[in-house]
Every structure is written in C-alpha cells, then in structure tokens.
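Keeping their order, the protein sequence lines are chains A and B.
Residues in the first sequence are numbered consecutively from 1, following this note's numbering.
Residues in the second sequence are numbered consecutively from 1, following this note's numbering.
Just so you know, not all the hints are guaranteed correct.
Any copy, or any two copies together, can satisfy a pair, since identical chains are not distinguished.
[Said to hold, decoys possible] 25 Å max Cα-Cα, derived DMTMM-like pairs, lysine to aspartate or glutamate:
| id | residue 1 | residue 2 |
| --- | --- | --- |
| 1 | LYS347 | GLU120 |
| 2 | LYS237 | GLU388 |
| 3 | LYS122 | GLU351 |
| 4 | LYS272 | GLU97 |
| 5 | LYS360 | ASP270 |
| 6 | LYS213 | ASP259 |
| 7 | LYS51 | GLU120 |
| 8 | LYS213 | ASP190 |
| 9 | LYS149 | GLU127 |
Just so you know, the hints here were simulated from the structure itself, not pulled from any lab data.
Everything numeric in this text was worked out from a predicted model, so none of it was measured.
Number of protein chains: 2
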Amino acid sequence: MPPQPDLPDPAHHDVDSMLSRKFGREVANYFSGSPLNRVSFLRADHGFISKALVHPSTSFLLLNDLAPLAKDPTKLAYATHSEVKLLIGENPFEKTEEQMIKEYNSSVTLPLVLFLGLDERKKDGFEHGIYSGSPYFAVDVTPKGTLEKEAKGVIEAMKAKDLQFVEGRMHMTLNAPEAAIYAQARALIDWNARNPFCGGCGQPTLSVNAGTKRVCPPTDFASLPTAQGGATSVEAKPRERAACATRKGVSNLSFPRTDPTVIMAVVSHDSKRVLLGRQRRWPPHWYSTLAGFCEPAESVEEAVRREVWEESGVLLGRVVIHSTQPWPYPANLMIGAIGQALPDGEKIHLEHDPELEDAKWVEMDEIREALRVGTSGLGEGPGEGYKEGGLRLPPKTAIANQLLRAVTGGFLGEAPKI
Amino acid sequence: MPPQPDLPDPAHHDVDSMLSRKFGREVANYFSGSPLNRVSFLRADHGFISKALVHPSTSFLLLNDLAPLAKDPTKLAYATHSEVKLLIGENPFEKTEEQMIKEYNSSVTLPLVLFLGLDERKKDGFEHGIYSGSPYFAVDVTPKGTLEKEAKGVIEAMKAKDLQFVEGRMHMTLNAPEAAIYAQARALIDWNARNPFCGGCGQPTLSVNAGTKRVCPPTDFASLPTAQGGATSVEAKPRERAACATRKGVSNLSFPRTDPTVIMAVVSHDSKRVLLGRQRRWPPHWYSTLAGFCEPAESVEEAVRREVWEESGVLLGRVVIHSTQPWPYPANLMIGAIGQALPDGEKIHLEHDPELEDAKWVEMDEIREALRVGTSGLGEGPGEGYKEGGLRLPPKTAIANQLLRAVTGGFLGEAPKI
Chain A
1 MPPQPDLPDP AHHDVDSMLS RKFGREVANY FSGSPLNRVS FLRADHGFIS KALVHPSTSF
61 LLLNDLAPLA KDPTKLAYAT HSEVKLLIGE NPFEKTEEQM IKEYNSSVTL PLVLFLGLDE
121 RKKDGFEHGI YSGSPYFAVD VTPKGTLEKE AKGVIEAMKA KDLQFVEGRM HMTLNAPEAA
181 IYAQARALID WNARNPFCGG CGQPTLSVNA GTKRVCPPTD FASLPTAQGG ATSVEAKPRE
241 RAACATRKGV SNLSFPRTDP TVIMAVVSHD SKRVLLGRQR RWPPHWYSTL AGFCEPAESV
301 EEAVRREVWE ESGVLLGRVV IHSTQPWPYP ANLMIGAIGQ ALPDGEKIHL EHDPELEDAK
361 WVEMDEIREA LRVGTSGLGE GPGEGYKEGG LRLPPKTAIA NQLLRAVTGG FLGEAPKI
Chain B
1 MPPQPDLPDP AHHDVDSMLS RKFGREVANY FSGSPLNRVS FLRADHGFIS KALVHPSTSF
61 LLLNDLAPLA KDPTKLAYAT HSEVKLLIGE NPFEKTEEQM IKEYNSSVTL PLVLFLGLDE
121 RKKDGFEHGI YSGSPYFAVD VTPKGTLEKE AKGVIEAMKA KDLQFVEGRM HMTLNAPEAA
181 IYAQARALID WNARNPFCGG CGQPTLSVNA GTKRVCPPTD FASLPTAQGG ATSVEAKPRE
241 RAACATRKGV SNLSFPRTDP TVIMAVVSHD SKRVLLGRQR RWPPHWYSTL AGFCEPAESV
301 EEAVRREVWE ESGVLLGRVV IHSTQPWPYP ANLMIGAIGQ ALPDGEKIHL EHDPELEDAK
361 WVEMDEIREA LRVGTSGLGE GPGEGYKEGG LRLPPKTAIA NQLLRAVTGG FLGEAPKI
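Can you make the complete structure from the sequences, with help from the hints?
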C-alpha cells in the first residue's frame, strides 16, 4: 500500500488554515491549494513519466464515472501500481508522443492515465534530476471499450478492500488539499471523456502528454484488411485520414478547455447593502451572489456588469477582482469580483433575462448574521442558532461566501479599491 | 449607407480617455470597452433578431478570413442589409432554433451571421419593447462551400467602394471602441470556423442563437436518395444520426470556448525591482512580463505561481489580480495579476521549462524610463527619446504595459494589497 500524503488538518473543511499557512492575507478558495507541483514541462518526457509510474512512493487516484476512490467522504484512497496494472499494463508511457501517433489505431481502447504532479513534501527516494517527491497519478477506471473487463476487475479489487467510489454531484466533503487533487483529476478525465472526436474534422483523437493533450493523428491502423488467419500484417501501412487544421501549428482544440465564469458581490453605491439573488429550485430563504459565464471577447469586468444588469437590472460602476476558484463541474474557473452600483442604477428589474426568482438588497448586518448562523450546502440544514425565516447563504467552501465575508469585513474600508 | 457609430476619440489609441470616462480608477484594457449592449438573452428570439436585421440603422461588419472591412487601419467600415443580402439572403433568422435543427441538412452551407448587440447611444428608431439602439451584426464573408460565389460577390462590391479588408495577425491600430467590436466578431467567427464538427460524436454541427451556439442535430437531410428528376421529395424523412452526449441537458461543447491565461508583473520582496523575461524571437532589448495558460482545476493565483516558477524559477508569495483583457487571437482571456517574490525565492533559473531566452530583475526607475520612451508593438520602432541599448517594453494597448504602469505607479504603495 502506498504511503498516504501527509496532509494538514484532514478535518471537514480546512480552508482557513490552508490559506493562512501559505499566503498571508490572500483568500485561497476550496478546490485550489493543491499540495502537488504539476511540473507540467515534464509530462512530455516519457522517460520521466515511466520512472515515476513504477516508483514505490507513487499513488494512483482512481475515478469510476468521475466518482473518486475514498476511505470515507472526507479522505481519498489510493491504489498502487500493482493494483492498477491489470488495466493500464506495465507502462502506458513506454512510447513517445511521436511513436503513439505513428502507431495510432482507433479500434483499440487505450487506458487513460494522468500524471498529476509531485508531492515535494514527501522525500522518499523518487528523484529525477533536480526534481523530487512522491508522484501522483489518476486513472479512469470507468469500464469501457476493449478494456471493460480489466476496469471491472480493478473496481472489484478495490471494493473488496472496503474502499468505495464516492458518488454525488459535488465532493465538498473532502479535506481541502485532497479536494484540489481530486479537482485536477476530475477536470482532466472529464475533458478526455467528453472529447473523443476532433471538433475540426470529426475524426477520433488520441490522448497524449499524460492526459493533458489530444491530437488528431494523420493515419489510422483500424479496419485494415487482415492477412489470412486474421492477423494484421506487421508490415501493413496505416490508412491515411482526412486533412485537419489542428495538425498545422498549435491549436487550442488540442488542449483542455476551461470556462471562465464570473461571480460577484455587488454593493450599493453607499456601501451599506449587498445585492443577492435566488433561483427557484433553492431551499426557502437561501440566497447567493449573482454569477454567469464570460462571453468571447469580454473582459471579466465587462462580464460582471453585463450579467448583473441582465439578471437584476442593476447598473455597476467600478469592478475589482477579489479571488478565484477552480470549479470542476465540469470545467469552470470562477472569477470572484466585487462591484459597486451606480447611484441611479440600483433599481431591480428581473425581466431582462429571467434566470432569478428574486433579487434584493440586503443590509450588511443581516448578511453578517447569516454568515454566522445561516450557511450550508444546498442539501444541508442551516447552522446552530439559525432562526426560521432568516437569510440562508452558501458555505465557506463556496467563493460566494468568501466574497460576502470580504464586503462585510474589511475589504471596502481598508483601501480605496472601489 | 448606414450611419457610422458616434465613437469618442477615433484616434490611434484612446485607452486612457475610454477608461477615465467610464469607470473612474478601473483600468480598462484594449479590446474591452465595447460600446454595444449584447442583450444576450434576445439572441434566441428570432422575431427580435429578424426585426433588427432589416432596420435602416443596422450596421454589418464583414470579416474575410478574419480580416475586418475598414476605411483605414484605424476605423472599421460597415455594410448595409442590401449589400450583404446576396450572401445571407433576405432573413437567415426566419426560423426558430427548433425548426433549424429539424430541417438540418449538412450538405448545405448556411451563412454565418452574428448578432453583436445594440449601440444604445444611437436612438434612431429601432425599438423592441424596452430595448432600443442601433443594431450591429457581423457576417463571415470568407468564400466557402455552396456559398463561395455569393461571398466573392460581396467582397468585390466592397472593394469597388474603395474599402479594404485589413490583413495582419493583430489589429491594434483600430480605435479602442471599434477594437472591442472587432474582437467580439473575430472571436465568434473563428470559434464557429474551428468547430464544424462535434467533439462528442464527430458529426457536423449547426450554428444557432445568432452565432453563439453550435448544436449537434439528431437528424440530417443530406445524402437522401432523390426522386426522379433530381429533387428530394418534400415528404422525405431525414436520416437519423448517431447518438451524442451533447444532446442530453446542457453541454459546454455547444458554447464558445474562451481560454483563460495569466500575465503577471512580479515584484521583488522589497518592492524595488520587477521581473521581466524575453523570448528569442523578440527584437533586441525588448522584454515583457511573464505569461501562460491556466490549467484545469487551478486558481488564477496558483497558475501565476506555477508559470513564474516554471519559466523563471522565482517563488511567489501573495498574488492579486489587477485587471483583465480579452485577446481574440484566437480566444484568450488575459487575467493580469501582480505577484510578490518570497525573500528566499528570487533566484532566476531558466531550465525548468525553457520557454524564455532570458529573465532578469529590473529596477523600478529603469522600467519607468522605458515606459516613457521605449514602448512599441513588436514590429515597430521605439518611441522618441529612446537610446539604443535601453530597455524596450510592450505598448499601452498590451495589458503587460498596464501592469508595469501599476507597479511603478501607486499600486504597491497606495494600500496593503500585497
């Protein structure tokens, strides 16, 4: 069994301790703060990856249909190389990217194995030049294609060890450092699973660079006429595939997609009230900050103004960015901002883009009280001291909560940022 | 001829006037600051779009292979509905999205027409409920598919009017408000052109919602056996296409992609120097801030620390976000940050990810002088007063320049942000 990472505070939510420990006054949001160094420039070095794969200190995080293997909902579990070998083989990184493209055969399912990074706090013997630490990988064990039986075998072996794949849309119960490790694995496995074909030409693509790139090979060994006896001749030449624009130069289609979104605490022109909104499907009295997707060729500040006007009718003056949060459901980057309404732009109008059931201006003191007693996940009850009918807000793991803490705390007063 | 927008300061670069005019102390970067209200929620309303299309105040921006129609390199030119009718027909928005999907025929090229928004400063008669202003559209006039001849006809007609399609990789000579209009058109036309197929299933897709969404239709009228005489029977049923995951619920693959990138001014722990880097292909003495792509499940702050360490070896403490810039080459959102090095993390090491030819710490005064006399685009000469051998930096239209202005100006001192 591989050593478990030496994580600080494996308690329910340790966001506060994580951020004060590392970065002074910066707000580090849940799903950020990974303890791993991605050493992204080493992913294409198949010698390095091959060596990291089989080191005794290496940990493999397994995801089945995006559900992570865990000991319990707060703590991930990891497999060893020998436990995943049945599915991934001795070494899926034996070949260079160039060789893999040359030998591409679209009828063969290849295992999806991601290199996540090195935990440099653990010095247990793995070294590569000036880099050292315990390697972390993630493996997609979702049964599919020609590897269905092997994947099921790995899943059964893990279940026999009393480990479970934690289902559910969110995984906000994980301790913060492991939530960041899971977020990286989930985002990349999901991107690979959603994009088996090339958007540029419609042909199937191949995952390379330890799960962080998909290329559109120019040839394919699939469906070749076989020699008598059924085996494809070793000297067979692959079929040429149709031309594709992604093969010329560098194309963003080859790389993972991240969707920037904006989420904003809007304060009134006199800084005394905050704008909150709610969707119909939320529990009674539960409100949050407004949010939406950035559009093409729009700055974050413009996206904040547009979304606030479209959803609430409120007109903003200055906007400043507070902090950001990765949100791997499936691939969002939440950019948290604080905006201030124009004096004559505070009237609420919900009918431009009728996404919200309600929006309202709330006094700072009411928000402070709700942050104290009324926060919870959408599926949970409010905290101790909550009085029925009082305002409810998102939990500390949500950036909305951190933005509201900022505007009801020192953010507006401590410096003329707005 | 349609009325031209009443743009403030159509001079070379009017970034300063634009930002002071609208948002007080906020830094609005080039390519942001569009004068148009996107009224994004009206794009799916084909009645609204059809009406806006034919209004006498409506302007059509034409892009040929992404080059915009212009009077000169500083000012866009616009066509009228009657001038583009040959290519786009009377009304490409006649049908609802539902009808278009039902009648989908992958063998027919449809014109790509984007609705960009309303210029609400111009009140010349176009009204739709509570919304009013001059409508703006963009049309892709790149000759292709079954519309090649019609596109060439529109291009020739424009050239006959002494208008030109401005070639070149960048379009930083455009006046700032029109640069933002062009950026929106370019980003969306490029996204549609790069993604004719579905990444989920490999089948061709259909552009809907006035150019801001691509759907994967479940049926296709293409390649149906034709009745005698060559015409497809009116009662013919379309062919069923293969299943696709993007048809269940909402998929991000249906929406435009924007790639978040980080760009950062890094100051030394004592705030006296700034870290700059250069690529081999840049002119001599030309340096800029470091930059790179955000990775999946990484906060902006983490991406800044990772990129700075990978490219320069420098270790950062706190990171704050300054401002953002849309960068439509092809689809980046540049998130500008300011980071501070840790006292024991200032040693430069270029060999982790050898992207830079050089990186160095530069005194604040040297940067101030270069901002005064040494700024220019990559292909231009430096400003007046520049002495050979002196530091050269990016122009005011680049967010790198604005970040350097911030750290050599009041940003570090005015408040304890770092």
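Within, between, both or neither: how does the pair LYS122, GLU351 come out at a Cα-Cα threshold of 25 Å? Between. Shortest inter-copy distance 23 Å satisfies the 25 Å Cα cut-off; intra-copy 55 Å does not.
Checking LYS272 and GLU97: alpha-carbon separation at most 25 Å within a copy, between copies, both or neither? neither (57 Å within a copy, 44 Å between copies)
Please work out whether the CA atoms of LYS51 and GLU120 approach to 25 Å or closer within one copy, between two copies, in both situations, or in neither? Cα proximity of LYS51 and GLU120: one copy only (16 Å, versus 61 Å across).
Is it within, between, both, or neither for LYS237 and GLU388, if the alpha carbons may be no more than 25 Å apart? neither (72 Å within a copy, 57 Å between copies)
Within, between, both or neither, where LYS347 and GLU120 count as close if Cα-Cα is 25 Å or less: Between copies only: 19 Å across, 52 Å inside.
Measure nothing new, just compare the shortest in-copy and cross-copy C-alpha distances for LYS360 and ASP270 to 25 Å and report within, between, both or neither. within (16 Å within a copy, 44 Å between copies)
Intra/inter-copy verdict for LYS213 and ASP190 if alpha-carbon distance must be at most 25 Å: This pair counts as both: shortest intra-copy Cα distance 13 Å, inter-copy 21 Å.
How would you classify LYS213 and ASP259 at a CA-CA limit of 25 Å: within, between, both, or neither? both (17 Å within a copy, 15 Å between copies)
Under a CA distance limit of 25 Å, which applies to LYS149 and GLU127: within one copy, between copies, both, or neither? Answer is neither: 35 Å inside a copy and 62 Å across each miss the 25 Å cutoff.
The earlier numbered hints that this structure contradicts are 2, 4, 9.
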